[in-house]
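Trainee: Here is how the chains run, residue by residue.
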Amino acid sequence: MAYKDFRDFLNTLEKEGQLLTISDEVKPEPDLAAANKALSNLGDKTPALFFNNIYGYTDARIAMNVMGSWPNHALMMGMPKNTPLKEQFFEFARRYEQFPVPVKREETAPFHEVEITEDINLFDILPLFRLNQGDGGFYLDKAILVSRDLDDPDTYGKQNVGLYRMQVKGKNRLGIQPVPQHDIAIHIRQAEERGENLKVAIALGCEPVITTAASTPLLYDQSEYEMAGAIQGEPYRVVKAKDADLDLPWGAEVILEGEVLAGEREYEGPFGEFTGHYSGGRAMPVIQINRVYHRKQPIFEHLYIGMPWTETDYMIGVNTSVPLFQQLKDAFPNEIVAVNAMYTHGLVAIISTKTRYGGFAKAVGMRALTTPHGLGYCKLVIVVDEGVDPFNLPQVMWALSTKLHPKHDAVIVPGLSILPLDPGSDPAGMTHKMILDATTPVAPDIRGHYSQPLDSPLGVAEWEKKLSQMLR
Amino acid sequence: MHICPRCESNRSEVVSHSPVKDAWEVLLCPVCLFTWRTSEPDSITDPAKYKSAFKVNPKDIPNAAHVPPIPERL
Ligand SMILES: [Zn+2]
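From first to last, the protein sequence lines are chains A and B. My numbering puts the first residue of the first sequence at 1, with every later residue one more than the last. My numbering puts the first residue of the second sequence at 1001, with every later residue one more than the last.
Extracted from the complex, chain A is given alone in its bound form:
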């Protein structure tokens, strides 16, 4: 089930009681960020927020926390809002396997309504604001950015759609942080090796399915648009950019077209990141914006990011877990049961697996470290038995507390790669990684006293049914 555009999804949220409109006047700072951080503290079923009365603005409209809860994530997939997380995971995994679904092309889009090519001033066009107190400026952090591979522009999947933080650093200038593990870093390097600017397009206010695909760690040559089609179960609608051969999401509110300036680096940051720490200030590439178009009275979508959990964690929880799950299943198709890589974007990953023989679970853990996402994340991998639900942390803690023998089951692998934003990495981008094997030893590993696992009294399943009916 596809959402027509961003507004269509907001309407669904409203119908489902998952959109809270704040009509009282709020200050751009610190109210917008504070309200969102406060909302994140109120549990995992929170609504999106819609602000329409912002001090100093006449008609700014800002939507936040659009995917910041499990009900909103379920609605993104067109599922009932109370769908349990584990069910969302397995449904996402099922749709992931429908990839690729080719795109549907359109000639025009609603965002063609208003076009600006002269005297662009992003500070006037967009209701920008500060998120965290130490941020170096105002950021776009829920915009998708589209670019192409210059060596192989005709391979569709190598067109990249990604989510990157972008600091607004001038009327028509953005700073971008290209983490080396991410695809945009490859495109920028290709362009700079040629001494050319890299054409890019940025879309703000998109339906959540493309944001989800853009933040999924797909393989380099897999198309995010074709994955968005798979997730929504019908072809994703795109329209061509005007200044470059790039596809844009048809349902976006605002489009910025521009180019990464070859060989330029400019001071950027700090920015309060998903790790719960600020990134430092560093010199990063610059994007010059040449063209803006947007819907009349556009809705500006923004995301509060900071100390977990925030919208970011709901947005990249399931879609980070599923690629790891699929890649591990490629290696061990009969064993892997489920993967929970929801903690700080997969810096911690929990894998539920069957074990074929002694030592097997440690091999599963090491495979996780060598998956594309694992190369930049997966600092701590916890492996649990098939009967342990990796999304149920009390069960995971039970496995750790009873199955793990530190002498045998804690494995540290030195000197591996990690994303440089990990505040514990030293030097930035390097770390040791750890596997905790919390599975039951099997032959020839004969350690421990595990021959008498606790069973349930007879008839528990029947009583579960009976009592749940009585409790309705």
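Take the hints with a grain of salt, since some may be wrong.
[Unchecked claim] Part of the chain A face toward chain B, derived, beta carbon under 10 Å:
hint: 1; residue: Y96
hint: 2; residue: F99
hint: 3; residue: Q167
hint: 4; residue: Q177
hint: 5; residue: P285
hint: 6; residue: L416
hint: 7; residue: P420
hint: 8; residue: G424
None of these hints come from the bench; they were simulated from the model. Computed from a predicted model, the values in this text were never measured in an experiment. Glycine is no exception: its CB is placed at the ideal position from the N, C-alpha and C atoms.
Using the hints, position chain B with the ligand against chain A.
Mentor: Here is chain B with the ligand on its own, set in the frame of chain A:
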């Protein structure tokens, strides 16, 4: 000209005026590229109250690490 609360250069310029007259202005420092709104709390707008851990010395800016490094031209 305004003083940048972060690097204390005096070259900051107004880049945006509030659509509602005189509510606020957005300022941009061309030295450290800090951006702020005049209606923000004084822990952001006042150079004396800006958090010391986040202060920037203009002399350090040219030495900031390049992320990513600029590659050799092919
Ligand atoms: Zn400054």
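Trainee: Look at each hint and say if it fits the structure.
Mentor: Results for each hint:
The criterion of a C-beta within 10 Å of any C-beta in chain B is not met by Y96(A), whose closest approach is roughly 30 Å, and the hint is violated. Residue-level restraint check for F99(A) is violated (minimum Cβ-Cβ distance to chain B is 29 Å; threshold 10 Å). Evaluation of the Q167(A) hint against chain B yields a held restraint, the C-beta minimum of about 8 Å falling below 10 Å. Annotation: interface hint on Q177(A) holds; nearest CB of chain B at approximately 7 Å, less than 10 Å.
The interface hint given for P285(A) holds, since its Cβ lies 8 Å from the closest Cβ of chain B, which is under the 10 Å cut-off. At its closest, the beta carbon of L416(A) sits 19 Å from a beta carbon of chain B; the interface hint therefore is violated under the 10 Å criterion. Checking P420(A) against chain B by beta carbon gives a least distance of about 7 Å; that is within 10 Å, so the hint holds. Here the hint on G424(A) is broken, as its CB sits about 18 Å from the closest CB of chain B, past 10 Å.
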